[in-house]
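Engineer: Sequence:
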Amino acid sequence: MEPIEINAGHHYLRALRADDRLDDRPALVSAFADEEMRRWVYHYSVPDLEAAGRYVALRTREWADDERCSWAVAEPTTGELLGEVGLKNLDLDAGTAEVACWTHPPARCRGIMTEAVGAAVRFGFGALDLKEVRYTHAEPNTASARLAEKCGFTLRGGLPGETEVDGEPATLMVWTLRL
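In terms of full-length UniProt numbering, the sequence shown is numbered consecutively and its last residue is 179.
No lab work stands behind these hints, which were simulated from the structure alone. Being a predicted model, the structure only gives us computed values, none of them experimental. Just so you know, not all the hints are guaranteed correct.
Said to hold, decoys possible - Have a look at the derived ranges for each label pair, beta carbon to beta carbon: (1) T154 x D66: 22 to 32 Å; (2) D48 x L92: 27 to 37 Å; (3) H10 x S30: 20 to 30 Å; (4) G79 x P160: 35 to 45 Å; (5) E35 x D93: 35 to 45 Å; (6) C109 x T78: 12 to 22 Å; (7) D129 x D48: 20 to 30 Å; (8) D20 x G158: 18 to 28 Å; (9) L22 x P140: 32 to 42 Å; (10) E168 x R54: 26 to 36 Å.
Said to hold, decoys possible - Keeping only pairs whose Cα atoms sit at most 20 Å apart, straight-line, the calculated DMTMM-like set for lysine to aspartate or glutamate is: (11) K131 x E98; (12) K88 x D48; (13) K131 x E164.
Yeah, the Cβ is synthetic: ideal placement off N, Cα and C, and Gly gets one too.
Please take these sequences and the hints and turn them into a complete structure.
Structural biologist: Below you can see the structure in the form of structure tokens.
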């Protein structure tokens with residue numbers, strides 16, 4: 001499918017970009033250099049503009065292959081990248097997906113991701129006819145737990161040793177939201 005832009009209220013959701021009109025690559029490099037970001041989003045490395053370009057291309061390909069809907073959470077007047085939200089592990093036949101998100105360090109603690117996750121989930125239930133959306137995070141990630149609660153997810157339990165924090169096994173907390 002083609003990327004869809006969404007008015008999320010105070011922000012808008014758009015495809016990640018790396019072109020002559022809007023280039024998210026510098027903001028991606030900056031975000032992924034943050035220590036806290038690397039702690040929770042350890043499975044991606046975006047150390048330079050070339051890697052950031054590959055990251056943008058990956059998200060574009062995932063949209064096209066119906067694997068993941070991924071949006072840049074953007075400031076509406078400048079287009080500045082404030083974070084990313086997506087529906088990953090997208091299974092349109094089963095009607096399921098999982099929320100994935102991160103917030104750029106200067107944009108944290110402003111409610112941006114609560115608004116963005118809400119908009120992405122509404123898109124999933126409305127446009128994609130999803131029946132269930134999961135949200136998972138490492139147990140020590142209290143910001144993610146607060147986000148799940150604010151967005152109406154229900155905690156289903158934990159899976160010990162299913163993720164890692166600082167290189168050590170940790171419990172993966174599983175939340176769900178059903179239509």
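Engineer: At the C-beta level, are E168 and R54 separated by a distance inside 26 to 36 Å?
Structural biologist: Taking Cβ atoms as reference, E168 and R54 lie about 28 Å apart, which means the hint holds.
Engineer: Against the range 35 to 45 Å, how does the distance between the Cβ atoms of E35 and D93 compare: consistent or not?
Structural biologist: holds (39 Å)
Engineer: Below or equal to 20 Å on CA atoms is what counts here, so check K131 against E98.
Structural biologist: Holds. K131 to E98 sits at ~11 Å (cutoff 20 Å).
Engineer: Does the Cβ pair C109, T78 satisfy 12 to 22 Å?
Structural biologist: holds (20 Å)
Engineer: Mind checking the hinted window 18 to 28 Å against the Cβ distance between D20 and G158?
Structural biologist: violated (46 Å)
Engineer: Confirm or reject the claim that G79 and P160 have a C-beta distance inside 35 to 45 Å.
Structural biologist: Because 42 Å falls inside the window, the suggested range holds.
Engineer: For K88 and D48, compute the direct alpha-carbon distance and say whether it is at most 20 Å.
Structural biologist: violated (24 Å)
Engineer: Does 22 to 32 Å hold as the CB distance between T154 and D66, or does it fail?
Structural biologist: holds (27 Å)
Engineer: Taking 20 Å as the top limit, are the C-alpha atoms of K131 and E164 close enough?
Structural biologist: violated (29 Å)
Engineer: That 20 to 30 Å hint for D129 and D48 (C-beta), does it hold up?
Structural biologist: violated (39 Å)
Engineer: Could you say whether the range 20 to 30 Å given as a hint is met by the Cβ separation of H10 and S30?
Structural biologist: holds (22 Å)
Engineer: In this structure, is the beta-carbon distance linking L22 and P140 contained in 32 to 42 Å?
Structural biologist: holds (35 Å)
In this structure, the hints that do not hold are numbers 7, 8, 12 and 13, in rising order.
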